[in-house]
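Asks: One-letter residues, chain by chain:
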Amino acid sequence: MLAAAAAVAHADPPTVPESALPPDAPPAVELDQQLAPPGMTKPVLMPPGMTPPVDCDDDDGWDVRPECRPVQGYYWWGGRVIRGGFGHYFWTAGG
Amino acid sequence: MFHTAAQTGVYWGEDAYYELSSAEADAIERATRELHSLCTAAVGRVIADRRYAELGLDALSIELVERSWFQRAPSLYGRLDLAFGADGVPKLLEYNADTPTSLLEAAVVQWTWCDECMPGSDQASALHDELIARWRELARTIGPIVHVASVDDLEDEMTCGYLRDTAQQAGLETIGIAMRSIGWDPTRRALVDLDGRPIKSLFKLYPWEGLVLDQLAPMLPGLDVVWLEPAWKMILSNKAILPILWELFPDHPNLLPASREPIGDAWVKKPLFGREGSNVTIHAPGVDVATDGPYDDRGWVYQAYADLGEHARMRPVIGSWLVGDRAAGIGIRESAGYVTNNTARFVPHVVV
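Residue numbers (the numbering used here), protein chains in the order written: chain A, 289 to 383; chain B, 79 to 430.
Treat each hint with caution, since some may be false.
Quick list of simulated restraints, FRET-style, between CB atoms [stated by the list, open to error]: (1) Arg368/A x Ala390/B: 58 to 64 Å; (2) Arg368/A x Pro328/B: 54 to 60 Å; (3) Arg368/A x Leu326/B: 45 to 51 Å; (4) Gln149/B x Arg368/A: 28 to 34 Å; (5) Gly387/B x Arg368/A: 55 to 61 Å; (6) Arg338/B x Arg368/A: 44 to 50 Å; (7) Arg368/A x Ser100/B: 54 to 60 Å; (8) Phe148/B x Arg368/A: 32 to 38 Å; (9) Gly198/B x Arg368/A: 57 to 63 Å; (10) Arg368/A x Asp403/B: 37 to 43 Å; (11) Arg368/A x His330/B: 50 to 56 Å; (12) Arg145/B x Arg368/A: 25 to 31 Å; (13) Arg368/A x Ser337/B: 49 to 55 Å.
Quick caveat, the hints were computed from the structure, so don't treat them as lab data. From a predicted model like this one, the values you see are computed outputs, not experimental measurements. We put the CB at the ideal spot given by N, CA and C, even for glycine.
Turn these sequences into a full structure, and let the hints steer you where they fit.
Replies: Spelled out as structure tokens, the structure:
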């Protein structure tokens, strides 16, 4: 039962509370890592979050918990801080 | 090592090296200084004339570019890619102003090769010392701590690791972080690292054109962060700067004709935001080459085809480095094909 719960949490990470986001922040999107280029990927609305069995918002070890690690294309609420909001266009890095 | 592939062989090659005369090395250094001067002047013109539409910049990018430019936000480094053909006059192919790599190879690896394999020889590379000196200069602006961020890529992580080493030798404390781990603290309205420390200075080996599309991009204008490279580099890393340069400085010997339309019967078509030789088309007498890639939807420029010269059936491109505003050395990558892509191999050089 515990393993099943963890699996669900890993597949569906905690979402960022609406109140913590800047008012003009765009909706979270799921990025197609194969397509990569800025401007080509089509935003996909983030699916509704499920209640995580681990409260990453109130867990001192959030940064080492797999359940709280970022999932590509999603905000990641770790501690009091929003993470995962930068670095999605990794295919365009150094050249 | 990165870029080594079964089809293209070992990225670092020691079975050959390039030999430059001191006059040739001087010509490259002079051209580098000159081109950097032209490029920074062109940035000023683009901003003064608000030619942002030609570069495809959105409102957020424009705000960041203008703010960084008028604040005189400093630069750490950049790399000009030059053709150095039979006429001996370096020609600008493009300016990797925002996220240049092949740094470690140019600064350390080829220098070590020269020291061990060609003792007594000289090399056009002061990169390592210049980087340390530049970090010392920057310390006055960026403070004693700099965060260094990259994406999950071996070459980029190695480049960042090397830059951290040079910063530390300059007396700075460095903190590495993955781009995706950078946090935004809504209470402090600041970027923070994994230990909750505020990020005041950030070297990011991550392009601005990606940063302004990221999910937390709307916060960027409100952040009190010194960015390396600064946002105004967005103008130089955009291929649309090539026709603007040609327009502002027509017939300059170190520039190639460039336009938004095909040029004569020998041209190279490049995507505005392309990297590593992706989505490039070459049309010239006897040459019709096209590479694939993801950068095909945000506009194009055409640049007159430049002969790279051929040495043992390989075509070299000179990567000429700038640290701050100073020419700091070169690295040479060569390809058997006509497009220098990310599998082109790095070959050391000596100056005789």
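Asks: Against this structure, judge whether each hint is valid.
Replies: Now the hints, each set against the structure:
1. Arg368/A x Ala390/B: 58 to 64 Å: For Arg368/A and Ala390/B the Cβ distance comes to about 59 Å; the hint holds.
2. Arg368/A x Pro328/B: 54 to 60 Å: Since the Cβ atoms of Arg368/A and Pro328/B sit about 56 Å apart, the hinted range of 54 to 60 Å holds.
3. Arg368/A x Leu326/B: 45 to 51 Å: The hint (45 to 51 Å, Cβ to Cβ) holds, given that Arg368/A and Leu326/B are roughly 49 Å apart.
4. Gln149/B x Arg368/A: 28 to 34 Å: Holds, at about 30 Å.
5. Gly387/B x Arg368/A: 55 to 61 Å: holds, 57 Å
6. Arg338/B x Arg368/A: 44 to 50 Å: holds, 48 Å
7. Arg368/A x Ser100/B: 54 to 60 Å: holds, 59 Å
8. Phe148/B x Arg368/A: 32 to 38 Å: holds, 34 Å
9. Gly198/B x Arg368/A: 57 to 63 Å: holds, 59 Å
10. Arg368/A x Asp403/B: 37 to 43 Å: Given range 37 to 43 Å: holds, Cβ gap about 41 Å.
11. Arg368/A x His330/B: 50 to 56 Å: holds, 53 Å
12. Arg145/B x Arg368/A: 25 to 31 Å: At roughly 28 Å between Cβ atoms, Arg368/A and Arg145/B fall inside 25 to 31 Å, so the hint holds.
13. Arg368/A x Ser337/B: 49 to 55 Å: Taking Cβ atoms as reference, Arg368/A and Ser337/B lie about 52 Å apart, which means the hint holds.
Figure legend: structure checked against the earlier numbered hints; every hint is met.
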